[in-house]
Each structure stands twice: as structure tokens, then as C-alpha cells.
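Novice: Protein chains in written order, with our numbering: chain A, 1 to 113; chain B, 1001 to 1287.
Since the hints were made in silico from the structure, they are not lab data.
Take the hints with a grain of salt, since some may be wrong.
[What the hints assert, rightly or not] Below, a list of computed lysine-lysine pairs in the DSSO-like style, where the Cα atoms sit at most 30 Å apart: (1) B:Lys1030 to B:Lys1100; (2) A:Lys24 to B:Lys1100; (3) B:Lys1030 to A:Lys24; (4) B:Lys1222 to B:Lys1030.
[To be verified] Some chain A residues flagged as far from chain B (calculated, every beta-carbon gap over 12 Å): (5) Glu3; (6) Ser5; (7) Val14; (8) His30; (9) Leu31; (10) Ala42; (11) Ala68; (12) Thr78; (13) Asp79; (14) His81; (15) Phe85; (16) Glu86; (17) Glu90; (18) Arg96.
All C-beta atoms in this analysis are idealised placements derived from N, C-alpha and C, irrespective of residue type, glycine included.
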Amino acid sequence: MHELSLAGSVLQIVESAAARDVFKRVRSLHLSVPALAGVEIAAFRFALQSLASHTVLDGADIIIDEPATRARCDDCDTDIHVVHFEDACELCGGYRWQCSNDRAIRVVDLLVE
Amino acid sequence: MCVVCGCGQERGETSLKSNTPDGTSPRIDKQTGDMHFGASAARVSVPGMSEIRTLKLEKDVLSENSRLAQLNRAHFAAHGVTAYDLVSSPGSGKTSLLCKTIAQLVSRRPSLPVAVIEGDQQTSLDADRIRQTGASAIQVNTGRGCHLDALMVGKAFEQLGLHSASHEYRESPESLNTIGPPSALLLIENVGNLVCPAMWDLGEAAKVVILSVTEGADKPLKYPDMFSAATLMLINKIDLLPYVDFNVEQCIESARRVNPDIQVLSVSASSGEGINDWIDWLLQHRG
């Protein structure tokens, strides 16, 4: 499951931050996973919890924002919302739309001590 | 180490520094260069201060892979190599298609160097088949991993003869500015998986998704991330069309719903139909 690879990358990012900013543990891990990022949230949460034990993430609350994806429909030239890649434009029914916001999965911030 | 571009390790060196999330180095077969990634050791927490504060990071989780992919991209460009990431479900016929493609490339462009990076969980069976065609291949075994990543591809590229042989390309000033067909082809056969490889940039010029007619024309709708990430869809095993219930037009329409700009070619690795058009695409496509 790629959620495990992604969780591993999150742990790496957090541990780099721990080395740089010197903290003992994370109380709260705040992530952003946009709708079209291709991540199953429950699996991601499970993967993070599994990897957390005996690390600086052990016991941390995991907060995951799921921002809606904004897109621009080229057919009717309007801003729309989409949930899945195969969605048609909610206004004109066309499929020629482009994501207008970022689909990156991010570590937003950490509450640390 | 490569003194031209500063890349790479000594041939035959078996301990590579790895910054994979699990912290392990791959085991490398000295004879073939095949690489085996495995399971991890636990990480240890870092002791530090006890005051509570918020650290703002805004860090893209895939940023490290993206960084390595960009390094691969620059490395390929410096060596005149055009790389493609071939993705599909297991059993779509990727390896057979690669063998047929290489055989035809050898007769059309005998002087074009071609190499393959093969991704699977285990065994070097696929790389062995490719090597029988005369092309060089490196097998990358992911262990329990479900996709190749930029680190694996970067390390595998350093092991290939394509890498050192194409240093001559860099030497001639006119070749650096030439816009022409690739001087070398690197075909990356990803782990058979229509989900995870979509997210991992390897530094390729384009992703090519291979769908066989025995799989179902609605695949693009069921696996939209992959078909959205691909530049070309290759419909394979078209020799079997008379025997299966596969509607090619419906398949293309499904793919265009999730990716309006996707290009489509139909091929048969066993009969050879469409292979020349596919080779034309490989030789003419720009990333």
C-alpha cells in the first residue's frame, strides 16, 4: 500500500524537523490530504499510527485536513468543485477541466514539546 | 564515480547509502547489478526540549521523491537518455511487449542503445528475459514495496552501461543543443500495479499505461489516478479481440473522460501489429 510509503516519508520529515528544531515528541501532527491526491485517509492514518511507535510521533494526535479540489472547466469557463477524476463539470457536463489548486499531500505543522 | 557528471558509485560496490523511509540499503548482485530492497529496522526518537510550541512546516510529503526525480531528469538529459515509465496491472503483457519492442528497435535502429530497469517484488525473471534480447537490464526488487521510486531508479541507472556509454554523447558540443531523436532509450517497467505508481515521479519523460483487451474497457474509470497521470495508453493483445468482449471505442472514451489529452495506440506483442507506430512514438515523443 502506498499509504505506508507516504507515512514513512512523513516520519522522515518529522524526524528531520526534530533534529533541526530539537524537540522531544510530537503532541499533534497536522496534515493536508487534498481530495484528488490518491490517498485513502483511513489507510494513511493506520499506517502513521503503526509507524509511530517508539518514534518521536508516538502518541501524537493525527489531524488530517481534506481540502476540496477546485478546478476550472475549459468548456464553460467557470470555477467548479470536483471529487473524483471521472466527474463531469457540475454545470455543463463536460470533462475538460483542470485542477486549479495544489494536490500535494503536506505536513502542515507540528505541535511539539 | 562518474567524473563527467559527478554521479554514481564504483562498479561492484555493495553498500549504497540510502535515504529510503525505512533507512536500509539495497543488496546488490555484483554480477548483474540487480538490486533488492527489503524490510526496515525501527527508527529511534530524538531527545530534546520540553516546551510546547507549533512548528510550521508546510512540507510536501513527496518532496524528497520529487527532488530525486528532478535529479534523475537532469541526469538523463545530460546523457541524452529519454526515459519512459511503463505502468499497468500485472499480466498486461509489459515484459513481452518490451521484448518485442527491443527486437524491432534493433532492426530499425541498430546503433540506438536501449536499456531496461525492471521492477518487481521478487525474482530476476523479467530482467533475464530482457537480457536475452541483447538489451541490458537491471532488476530492482522492491521486497514488499508496491512501486518503484526515484531513489531506486537513480541508483539503477548508475549501474547501467547505458549510463557510462552515453558519456560520449555529452562530449560533442553539437549534440547538447540538438533537438532530434533520443540518443539512448531507457524503458522502466514499473511493478505491476494500477494504483501506487501513479504518484511517484521517477524522472521519466512520460508515463505509458498498458491495458490489455483481456482486462475490461472500463479500467480507466476504475483506476483514474493512473490514466490521468499517463501520456499514452497502449492497448495490448489486440490479436485477441475476436475472442473477448472488449469495446475499443468505449475504452478510449473512458480514458478521455479522466484524461482528455491522453494519446492512444493499439498493439499486439505476439503478432507485431502496431509495434512500428509505437516505436515511432518512442523515437519522436518529447517529454
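Novice: Against this structure, judge whether each hint is valid.
Specialist: Hints versus structure:
For a cut-off of 30 Å, the pair hint linking lysine 1030 (chain B) to lysine 1100 (chain B) stands: about 28 Å separates their Cα positions. The hinted pair formed by lysine 24 (chain A) and lysine 1100 (chain B) fails the criterion: a straight-line CA distance of about 56 Å is larger than 30 Å. For the hint pairing lysine 1030 (chain B) with lysine 24 (chain A), the CA-to-CA distance comes to about 42 Å; that exceeds 30 Å, so the pair is violated. A distance of roughly 41 Å separates the Cα atoms of lysine 1222 (chain B) and lysine 1030 (chain B); the hinted pair therefore is violated under the 30 Å criterion.
Remark: the non-interface label on glutamate 3 (chain A) conflicts with the geometry, its nearest Cβ contact in chain B lying 9 Å away (cut-off 12 Å). A beta-carbon of chain B comes within 12 Å of the beta-carbon of serine 5 (chain A); the shortest separation is about 7 Å. Non-interface status of valine 14 (chain A) relative to chain B is broken: a Cβ of that chain comes within 12 Å, the nearest being about 8 Å off. The non-interface label for histidine 30 (chain A) is inconsistent with chain B: the shortest C-beta to C-beta separation is roughly 9 Å, within 12 Å.
Non-interface call for leucine 31 (chain A) relative to chain B: violated, since the shortest CB-CB distance, roughly 8 Å, does not exceed 12 Å. In this structure alanine 42 (chain A) is separated from chain B by more than 12 Å, as the shortest Cβ-Cβ distance comes to about 15 Å. In this structure alanine 68 (chain A) is separated from chain B by more than 12 Å, as the shortest Cβ-Cβ distance comes to about 17 Å. With a minimum CB-CB distance of about 17 Å to chain B, threonine 78 (chain A) clears the 12 Å threshold, and the non-interface call stands.
The claim that aspartate 79 (chain A) lies off the interface holds: its Cβ sits roughly 18 Å from the closest Cβ of chain B, which is beyond the 12 Å cut-off. With a cut of 12 Å on Cβ distances, histidine 81 (chain A) stays outside the contact zone with chain B, its closest approach being about 16 Å. The Cβ of phenylalanine 85 (chain A) sits about 3 Å from the closest Cβ of chain B, inside the 12 Å cut-off, so the non-interface label is violated. Remark: the non-interface label on glutamate 86 (chain A) conflicts with the geometry, its nearest Cβ contact in chain B lying 5 Å away (cut-off 12 Å).
Even its closest Cβ contact with chain B, about 15 Å, leaves glutamate 90 (chain A) beyond 12 Å, as expected for a residue assigned away from the interface. With a minimum CB-CB distance of about 5 Å to chain B, arginine 96 (chain A) fails to clear the 12 Å threshold, and the non-interface call is violated.
Hint compliance for this structure: hints 2, 3, 4, 5, 6, 7, 8, 9, 15, 16, 18 are not met, and every other hint is.
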